Structure formats: C-alpha cells, structure tokens
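Visitor: Residues per chain, in single letters:
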Amino acid sequence: MADTRFFHKVEGVTLAEIAKIGEMQLPTDADGTRLFTDVASIDQAGPSEVSWAFIPAMREALSHTKAGAVIVPEKFLEYVPSGVIALVAQDAHRAYGLVASAFYPRTVEAYISPKANIDETAVLGEGCRVEAGAFIGKNVVLGARCDIRANAVIEEGVRMGDECTVGANATVSHCLAGNKVYIYPGAHIGQDGFGFAMSAKGPAKVPQLGRVIIGDDVEIGSSTTVDRGAMGDTVIGSGTRIDNLVQVAHNVKLGRCCVMVSQVGIAGSCTFGDFVVAGGQVGFAGHLNIGTGAQIAAQSGLMEDVPAGAVLMGSPAVPHKEYMRQVIAVRQLAKKK
Amino acid sequence: MADTRFFHKVEGVTLAEIAKIGEMQLPTDADGTRLFTDVASIDQAGPSEVSWAFIPAMREALSHTKAGAVIVPEKFLEYVPSGVIALVAQDAHRAYGLVASAFYPRTVEAYISPKANIDETAVLGEGCRVEAGAFIGKNVVLGARCDIRANAVIEEGVRMGDECTVGANATVSHCLAGNKVYIYPGAHIGQDGFGFAMSAKGPAKVPQLGRVIIGDDVEIGSSTTVDRGAMGDTVIGSGTRIDNLVQVAHNVKLGRCCVMVSQVGIAGSCTFGDFVVAGGQVGFAGHLNIGTGAQIAAQSGLMEDVPAGAVLMGSPAVPHKEYMRQVIAVRQLAKKK
Amino acid sequence: MADTRFFHKVEGVTLAEIAKIGEMQLPTDADGTRLFTDVASIDQAGPSEVSWAFIPAMREALSHTKAGAVIVPEKFLEYVPSGVIALVAQDAHRAYGLVASAFYPRTVEAYISPKANIDETAVLGEGCRVEAGAFIGKNVVLGARCDIRANAVIEEGVRMGDECTVGANATVSHCLAGNKVYIYPGAHIGQDGFGFAMSAKGPAKVPQLGRVIIGDDVEIGSSTTVDRGAMGDTVIGSGTRIDNLVQVAHNVKLGRCCVMVSQVGIAGSCTFGDFVVAGGQVGFAGHLNIGTGAQIAAQSGLMEDVPAGAVLMGSPAVPHKEYMRQVIAVRQLAKKK
Chain V
1 MADTRFFHKV EGVTLAEIAK IGEMQLPTDA DGTRLFTDVA SIDQAGPSEV
51 SWAFIPAMRE ALSHTKAGAV IVPEKFLEYV PSGVIALVAQ DAHRAYGLVA
101 SAFYPRTVEA YISPKANIDE TAVLGEGCRV EAGAFIGKNV VLGARCDIRA
151 NAVIEEGVRM GDECTVGANA TVSHCLAGNK VYIYPGAHIG QDGFGFAMSA
201 KGPAKVPQLG RVIIGDDVEI GSSTTVDRGA MGDTVIGSGT RIDNLVQVAH
251 NVKLGRCCVM VSQVGIAGSC TFGDFVVAGG QVGFAGHLNI GTGAQIAAQS
301 GLMEDVPAGA VLMGSPAVPH KEYMRQVIAV RQLAKKK
Chain A
1 MADTRFFHKV EGVTLAEIAK IGEMQLPTDA DGTRLFTDVA SIDQAGPSEV
51 SWAFIPAMRE ALSHTKAGAV IVPEKFLEYV PSGVIALVAQ DAHRAYGLVA
101 SAFYPRTVEA YISPKANIDE TAVLGEGCRV EAGAFIGKNV VLGARCDIRA
151 NAVIEEGVRM GDECTVGANA TVSHCLAGNK VYIYPGAHIG QDGFGFAMSA
201 KGPAKVPQLG RVIIGDDVEI GSSTTVDRGA MGDTVIGSGT RIDNLVQVAH
251 NVKLGRCCVM VSQVGIAGSC TFGDFVVAGG QVGFAGHLNI GTGAQIAAQS
301 GLMEDVPAGA VLMGSPAVPH KEYMRQVIAV RQLAKKK
Chain F
1 MADTRFFHKV EGVTLAEIAK IGEMQLPTDA DGTRLFTDVA SIDQAGPSEV
51 SWAFIPAMRE ALSHTKAGAV IVPEKFLEYV PSGVIALVAQ DAHRAYGLVA
101 SAFYPRTVEA YISPKANIDE TAVLGEGCRV EAGAFIGKNV VLGARCDIRA
151 NAVIEEGVRM GDECTVGANA TVSHCLAGNK VYIYPGAHIG QDGFGFAMSA
201 KGPAKVPQLG RVIIGDDVEI GSSTTVDRGA MGDTVIGSGT RIDNLVQVAH
251 NVKLGRCCVM VSQVGIAGSC TFGDFVVAGG QVGFAGHLNI GTGAQIAAQS
301 GLMEDVPAGA VLMGSPAVPH KEYMRQVIAV RQLAKKK
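Protein chains in written order, with this note's numbering: chain V, 1 to 337; chain A, 1 to 337; chain F, 1 to 337.
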C-alpha cells in the first residue's frame with residue numbers, strides 16, 4: 001500500500017467501475033459490486049486488491065498471485081490462478097494506469113494562500129489552489145482547478161487551461177498552455193532562447209520575441225527547459241511527455257504524443273511529427289525534420305532528417321540493424337590487433 | 001508582431017537611428033527620418049517594418065519581401081526588391097540583434113516589492129526592481145537597474161554590477177559578477193563543487209573555499225550549474241554565453257566570448273581561451289587546456305588538451321575531417337559483413 | 001585565504017587537534033599546542049597555515065612550500081622542506097578534507113524567519129534554521145540543526161534527520177531522509193517518475209506511488225532530479241555523492257558510497273552495488289544490475305549488467321582496454337582510406 005503520509009486514496013472502487021475505467025469487459029461470471037480497496041504489485045497484492053501483469057517476467061508471479069483481480073493481456077489468461085478475477089485489456093499497462101488513477105485521483109483542494117503573491121489583474125478559474133510563496137503575475141489567466149505549488153512562478157500574461165499543475169519552484173513565462181498540463185517542480189518554460197550573434201566585437205543579443213504554445217495533457221519534467229521562440233513559437237503538441245533535464249530550444253515543434261526521455265537535447269527549429277520517441281541523452285542538431293513514429297535509441301546523435309517510422313541508433317545515427325553491425329565490426333576489428 | 005501580452009515595444013525608431021544602432025551606413029538616397037514600427041521576418045514584414053536576411057535559404061523570400069527596409073550583407077544586395085531600403089551590414093545577424101533590441105529594449109521599472117525578503121544590510125543601486133518572494137541576503141551589493149525576479153535567491157555577500165538580471169527561482173551565492181550579467185530562471189551559481197575524498201571509510205567532504213567570478217555581459221542559462229572553486233575561483237569571462245543545462249565544475253576558467261551550447265559538461269579545472277565554441281552535450285574531462293577559437297562539435301568527448309583554432313569532433317575527439325573518415329570507414333566495414 | 005564575505009573560519013586549530021581530526025599521528029618532535037589559523041594551497045601557504053600535497057604534480061611546489069605544516073602521504077616525506085612539519089596520512093586527500101572542515105565548519109545559527117511558510121503541523125528539531133520564503137508542508141518532520149535555505153520547498157509528509165541542508169529553491173517531496181543529507185540549491189527530489197502508457201489513444205498516466213529513501217551523509221547536486229518510485233521506492237544509499245544535473249529515475253537503487261558525476265542519466269529500476277563510480281554523462285539503460293566497485297568512464301552507455309569491479313568505457317560500454325583497442329583500430333582503419 002502506498003505510504004499514507006504522501007498519498008491519498010479513495011476508500012474503494014467496485015469491480016464494475018474498475019472494468020469501465022480500465023476500458024475492459026466485466027467478466028460475465030464476476031460480481032460487479034465487489035469492492036476493491038487498492039492496487040498492488042503482482043507479488044504483494046491481496047484479495048481486496050487489483051494487480052496487473054503484462055510483461056513475460058511477470059508471468060511466474062502472476063501464476064502465484066493472491067490478488068483479488070488482475071489486469072492482463074489475453075495471452076496471459078492461462079497464467080491467472082483460479083479464483084482470481086481476470087480483467088482482460090488490449091493494453092494492460094494503459095488499463096492499469098487508468099485504474100490506479102481512480103484509486104489515487106488528482107485532488108486539488110480549493111485554497112488561495114494569503115502568502116501567495118498574486119497580481120490583482122490575474123484571473124483564476126474556480127477551484128484553484130495557490131500555495132504560499134507562489135507568484136502569479138499581471139494579466140495571468142488560469143482555468144479551473146489548477147494547482148500552483150509553493151514558490152512556483154507564473155510570469156506576466158501567461159494563460160493556462162483547466163486542471164493544470166505548476167510544481168514547486170517551476171517557472172513559466174511567455175506561454176499559452178491547454179488543459180491538464182503538468183509542469184514538474186523546477187521545470188523552466190518560456191525563457192529566452194539562446195539567441196545572439198557572436199563576433200570579434202562580442203555578442204549581440206537577438207531578442208527572443210516568440211512564445212511557448214503547449215497543447216492539452218502535456219507533462220514537462222523537473223529541471224527541463226523549454227525556451228520560447230525567437231520569432232514564431234516553440235510548440236509542444238497534445239499528449240506529449242517530456243522527462244526531466246530535457247532541453248527544448250527555441251522554435252522546436254514537437255507533435256502529438258511524443259516521448260522525450262531524460263537528458264534529450266533538441267536544438268533550435270527542429271520539427272517533429274507525432275509519436276516520436278527519443279531515448280535518454282539523444283541529441284538533435286538544429287533545423288531537422290523528424291518523421292512521425294520515429295524511434296531514436298538512447299545516446300544517439302542526429303545530424304540529418306529522419307523519415308517517418310525509422311528506428312535509429314548511434315552517433316551519427318543509422319538504422320538500428322546497421323548500428324549493431326557497426327558495433328560488431330569494430331569489436332572484431334579490435335580483436336585482430 | 002510579437003504578442004503584446006508578453007512583449008513591450010517602443011513606438012517607433014527612425015531609419016537614421018536604425019542605421020546607427022546597427023552599425024550600418026544610412027543609404028545616401030534614404031530618408032533618415034522615416035519611422036519604423038517593428039521588426040518582422042522577411043516573409044511577413046510590411047512597409048513600416050525592418051527585416052533581415054543573411055543565409056542563402058532566405059534569398060528567395062528576400063526577393064519578394066514587402067518590408068520597408070532590410071538588413072543584408074553586401075552580397076545579398078542584388079536580391080533586394082526595388083523600393084525596399086537596403087541596409088548593408090558587415091554582420092547582418094549582429095546588426096539585426098542590435099536593431100531588434102532597440103525596438104524591444106530591456107526595461108526595468110524601478111520597484112521594490114514589499115513582499116521581497118531583503119536583508120537590511122544589502123545595498124541596491126538606483127532603479128532596481130526586486131519582485132515578490134525574491135531573497136537578498138546579508139551584505140549583498142547590487143548595481144543600478146538590476147532586475148531580480150520573483151523567488152530568485154541571492155545569498156550573503158554576493159556582488160553584482162549594473163543592469164544585471166537574476167531570473168525567477170535562480171540562485172546565486174559566493175559570486176562576484178560584473179555588469180549586464182543575465183542569470184536565467186532556475187540557474188544555480190556558486191554552490192559547492194563536487195569535492196570529497198571517497199575511501200572505504202566513506203566520503204570526507206573537502207570544503208569548497210573559492211568563488212565564482214563573472215565578467216561583463218555574460219548570460220547563464222536555465223537549470224545550468226556553475227560551482228564555485230575549491231580553492232581559487234571559477235571564472236566566466238566577459239561576453240561568454242552559456243546555454244541551458246550546462247555543468248561548469250569548480251575552478252573552470254572560461255575565457256571571453258565563449259559559447260557553450262546546452263548540456264555541455266565541463267569537469268573541474270579546465271581552462272579555456274577566448275571564443276571557444278562547444279556544441280550541445282560535449283563533455284570535457286578535468287584539467288584540460290582548450291585553446292582560443294577551438295570549435296568542438298556536438299556530443300564530442302575531450303580527454304586531451306585542444307590547440308587554438310582546432311575543429312574537433314567525436315568521442316574521443318579528433319580533427320573534424322578525421323572524424324568523418326572514421327565514420328565512413330566504420331560504415332564500409334559494417335557493410336562488408 | 002577564503003573570502004571572508006562568504007566563508008566563516010574558526011580562529012585557530014592546534015597542531016594536536018589537526019592531527020587528531022585528520023586521523024594522523026602527531027610527529028614526536030612537534031609542538032601539539034602550536035596554533036594554525038587556516039588551510040592554504042601548497043604554493044600560497046604561510047607559516048601559520050596547513051597545506052597538503054598528494055599528487056605527483058604537487059611535489060615540486062611541496063619542496064618549496066612555506067607552509068607551517070603539510071599533510072602528505074608517506075612517500076612524499078622526502079620532498080618536505082626542513083622546518084616544515086610533515087603530517088603523514090594514509091589518505092592525504094581525505095585528511096585534508098577533514099582538517100579543512102575543522103577550519104570551516106558547518107554552522108547553522110538557529111533561526112526561524114517570520115517570513116518562512118511553515119505548516120503548523122510540521123515538527124522541527126532543536127537548532128534548525130529556516131530562511132525567508134522556505135515552505136515546509138503538513139506533517140513534515142525535521143531533525144536537529146537542519147538548515148532550510150531561502151525558498152526551498154519541503155512538501156507534505158517528508159521526514160529528514162539531523163543536520164540536513166536543503167538549498168535555496170530546492171524541492172523535496174515523498175521522501176524519507178537520514179542524517180547529514182545535503183540537498184543542493186535547485187535539486188528536485190521526489191516528484192513523479194516518468195510513468196505512463198502511450199498508445200494511439202494518447203498517454204495514460206501511471207500513478208507513481210512510491211517514495212525516495214535517502215541514507216545518511218548523502219549529497220545531491222544542483223538541478224539533479226531524483227524521481228520517486230512507481231510502486232516501491234527509489235533508494236540512495238548512505239555516503240553516496242551525486243553531482244549536478246544527474247537523472248535518477250523511478251525505482252533506482254544506489255548502494256553505499258556511490259559517486260555519480262555530473263549529467264549521468266540512470267533509467268528506471270537500475271540497481272547499483274556499493275562504491276560504484278560513473279563519470280560525467282554516462283547513461284544507464286533501465287533494469288540493469290551494476291556490481292559493487294564498478295567504474296564507468298565518462299560518456300559511456302550501459303545496456304547490459306556490469307560485474308563487480310569492472311572498469312568499462314564506450315557506448316556500448318566494453319572493458320577499458322578493449323575500448324582503447326577499438327579506438328586505435330578505428331583510427332588506423334580511417335588512415336588507410
């Protein structure tokens with residue numbers, strides 16, 4: 001069970017609700033009114049708890065589980081012990097996420113701390129929470145049920161939709177964001193891009209006159225930096241997930257549902273399609289086009305455009321199989337010495 | 001036009017002023033009193049706006065521009081449509097930066113928030129702005145027209161010159177900085193270096209007794225970390241630009257006008273000449289000397305000193321041409337398999 | 001001498017105390033009551049100061065030093081000038097660290113700023129300091145002599161032991177920490193891991209229901225991110241040192257006395273033994289086991305488990321000697337072209 005000092009759980013969820021929330025069929029022989037009290041891992045769950053298994057390494061534990069119900073892909077049905085309710089999901093990971101979120105929902109208790117620093121021209125939707133020390137500048141507009149944590153800073157003119165979270169000590173400026181945007185603690189959004197002309201006379205700053213446009217249901221991780229556009233905007237498409245310590249430079253356009261793992265660096269003016277995945281520490285040179293569905297392995301370095309659906313690896317990146325051949329070729333060459 | 005919710009523009013600048021600010025000659029047949037109202041990109045600018053073009057990809061758009069005036073290198077003159085005023089610059093990017101900064105100048109409205117936490121021994125120059133939640137510790141000395149944003153923290157004893165900016169949630173300690181230093185939101189300057197002796201008995205902390213010395217006209221990006229010296233100082237030379245998420249370890253000395261792109265990591269006691277450029281994610285091992293004007297490509301790894309003017313790439317880094325030969329050689333080798 | 005604007009030194013320490021603190025023998029012919037006033041580098045120290053030398057590059061300066069006493073390994077005794085007291089240490093770097101810490105001890109003047117935002121249910125041990133703007137949430141429990149700097153945020157339920165420091169603008173949530181834990185300015189501990197199921201329907205968040213458990217005497221650097229566990233905990237073992245800008249993903253377990261240099265990225269569920277060292281920018285794929293005492297060179301990429309004591313380099317990482325052979329082989333191959 002999650003530590004109650006940190007997590008707030010609902011009392012219970014019925015099996016019928018669990019099936020519905022998880023986009024699953026309630027088994028015909030199951031009692032939809034049966035109450036479940038929590039989610040738990042496959043080896044620790046008890047009869048009042050829901051668990052899940054969806055990778056081969058979990059099959060053994062699944063076959064011994066004491067969970068009341070388990071969320072599984074159809075092909076795992078044979079491992080579910082008798083007496084355990086099997087909830088079959090097309091995507092068991094997704095179904096588990098949806099169900100667990102029902103046990104541990106986002107709750108924002110409406111409250112404006114008297115120690116928050118909110119400009120009198122700012123407009124906050126109903127049910128917002130603003131903690132002590134949070135700063136909300138001139139003409140900021142926030143939707144309903146936003147959660148602005150301690151010492152977060154939202155600078156002049158920013159607009160965010162409903163149910164957004166801005167974590168502790170995060171900063172947001174020059175930004176228009178949709179609904180359900182989650183800015184993690186210490187993320188920095190909207191500052192100037194890295195714009196200057198360097199010459200023997202020294203640097204001349206090039207004003208960064210664009211914005212950051214964020215879609216719906218986007219998460220941006222801790223210590224991550226998203227610079228605003230130089231002229232025109234930096235754009236983060238709906239459903240995109242950006243991990244911690246990622247650099248998104250000025251005028252980058254990320255499509256929908258992209259996944260940028262920790263420490264990825266994206267240089268200026270790259271344009272991404274949808275569902276692009278980049279592993280940890282990948283670097284993208286400036287002005288590249290990265291096609292929809294491309295998958296880039298960790299630590300790769302991209303210096304050229306990437307076609308849709310490509311699976312690349314290495315620095316400079318090549319198709320995954322070619323990379324593996326390169327690695328083997330170099331190993332064999334070194335052994336000959 | 002830049003979004004007026006975020007950007008504050010002057011009403012207009014005359015052509016004569018534009019030429020002067022941009023270090024350009026006013027064309028002999030041009031009306032110096034003609035008023036311009038904004039800068040805009042070459043494809044969007046109208047008759048009252050100034051634009052610019054300086055890379056080959058812009059030539060086509062330049063030849064169709066509706067801008068009132070364009071900043072161009074001499075060799076682009078032939079592409080400037082008749083009726084458009086051509087302002088010829090030696091470095092058109094620099095000239096544009098200077099001109100755009102005149103339309104969108106740094107403005108700091110003098111104001112000390114009653115909710116700022118300023119120690120009574122701190123001394124602030126005339127015209128400073130200190131936002132709510134900013135912390136300014138004992139004996140801090142700030143020059144004129146500094147802009148200390150919400151929840152920034154300036155610890156005891158720090159000195160900064162005139163027209164410095166410390167962004168929201170940035171932290172500065174153990175630091176002496178010159179004029180026009182711009183610390184981005186969430187940058188962290190002056191904390192202890194990574195100093196300890198590890199042994200079977202565990203770690204023994206080695207006190208970090210140096211400072212961070214920053215020259216004039218330096219920018220330090222968001223989430224970037226500049227540790228103070230262990231004994232002796234960490235130094236950032238005047239005119240240097242450091243992007244987001246860069247690590248500058250204890251006792252590093254960066255020369256003048258260096259450019260460190262995002263996610264560069266510099267280990268302790270490296271010494272850089274002037275005008276060194278390091279691309280994104282480059283790593284420098286400790287105690288290296290990097291010569292003036294060296295250019296290091298993105299993702300390179302440096303384990304040896306670098307001569308002045310060298311152009312290096314790869315990990316371990318080699319001269320750029322040699323790196324390209326290595327890449328080709330490995331590709332061919334892999335194909336033979 | 002360290003800049004007195006930033007550093008607070010004790011008046012003096014006797015030679016006998018220095019020897020004891022540094023785990024060294026007082027030389028039989030030395031006056032243990034002799035008072036020393038400071039530490040200083042080998043080339044700058046004077047007769048009332050203690051210095052140290054332990055790497056070959058310091059031998060020349062050692063032979064000319066004007067220090068009153070020097071901390072050295074036994075093999076450096078022959079370079080110590082006559083008249084200079086030689087303090088022989090098994091680990092001179094460690095001994096210096098201990099001695100310097102006696103001259104510049106951690107001091108925390110007990111003080112709770114009236115401008116700190118401390119929940120009434122929080123419990124603080126004796127002698128704590130909480131600066132203006134610091135936020136301490138519901139039911140937080142801090143031990144004695146903790147130092148909570150300006151605008152730090154400690155969220156609901158966090159527990160930390162004695163003599164912990166939370167730097168300016170750092171954030172801590174969902175965390176149980178031991179004694180002498182030092183969270184640097186702008187570190188972010190305890191936020192959600194990067195947990196979601198991505199599908200054509202978009203992302204489904206997977207609640208992150210674990211915690212961050214930190215042992216004793218741990219340091220976590222600026223802009224570093226330590227995510228809490230998804231289910232189960234992220235664990236940082238006692239004595240471990242984590243540099244700036246490091247990513248520690250959900251459910252990572254670091255053993256005792258590990259050293260993670262700046263910009264290391266550790267993907268989810270990696271388990272480390274004790275005394276593992278990873279150089280700057282190393283990347284670890286998820287779910288790896290890294291054996292005790294392994295040493296991983298800077299910029300390496302790990303995709304497989306690492307045996308105890310291994311010394312690896314490269315991406316993908318191989319034993320250090322094999323890596324050097326690969327580098328040479330590729331260089332030679334490129335030359336043949």
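By construction, these hints were calculated from the structure, which means they are not laboratory data. These figures come from a predicted structure and were not determined experimentally. Hints are not guaranteed to be accurate.
One copy or two, either will do: identical chains are not told apart, so a pair holds if it fits within one copy or between any two.
Said to hold, decoys possible - Think about it this way: if two alpha-carbon atoms lie no more than 25 Å apart in a straight line, the pair counts; the simulated DSS-like pairs of lysine-lysine are:
1. Lys9 to Lys66
2. Lys201 to Lys20
3. Lys66 to Lys115
4. Lys201 to Lys253
5. Lys205 to Lys321
6. Lys115 to Lys138
7. Lys335 to Lys321
8. Lys253 to Lys115
9. Lys138 to Lys9
Visitor: Could you figure out if Lys335 and Lys321 sit no more than 25 Å apart (CA to CA) within one copy, between two copies, both or neither?
Guide: both (21 Å within a copy, 11 Å between copies)
Visitor: Evaluate Lys9 and Lys66 at a C-alpha cut-off of 25 Å and name the case that applies: within, between, both or neither.
Guide: Intra 21 Å, inter 61 Å, cutoff 25 Å: intra-copy only.
Visitor: Measure nothing new, just compare the shortest in-copy and cross-copy C-alpha distances for Lys205 and Lys321 to 25 Å and report within, between, both or neither.
Guide: neither (44 Å within a copy, 32 Å between copies)
Visitor: At most 25 Å between alpha carbons: which applies to Lys66 and Lys115, within, between, both or neither?
Guide: For Lys66 and Lys115, neither the intra-copy (48 Å) nor the inter-copy (51 Å) Cα distance is at most 25 Å.
Visitor: Give the relationship of Lys201 and Lys20 under a CA distance limit of 25 Å: within one copy only, between copies only, both, or neither.
Guide: between (66 Å within a copy, 16 Å between copies)
Visitor: Using 25 Å as the alpha-carbon threshold, which applies to Lys115 and Lys138: within, between, both, or neither?
Guide: both (17 Å within a copy, 16 Å between copies)
Visitor: Since the copies are identical, ignore which copy is meant and state whether Lys138 and Lys9 lie within 25 Å (CA to CA) inside a copy, between copies, both or neither.
Guide: Classified as between: cross-chain Cα gap 17 Å, same-chain 36 Å, threshold 25 Å.
Visitor: For the identical chains here, do Lys201 and Lys253 meet the 25 Å Cα criterion within one copy, between copies, both, or neither?
Guide: between (33 Å within a copy, 21 Å between copies)
Visitor: For Lys253 vs Lys115, is the C-alpha pair at or below 25 Å within one copy, between two copies, both, or neither?
Guide: neither (37 Å within a copy, 38 Å between copies)
Comparing the model with each earlier hint shows violations of hints 3, 5, 8; every other hint is respected.
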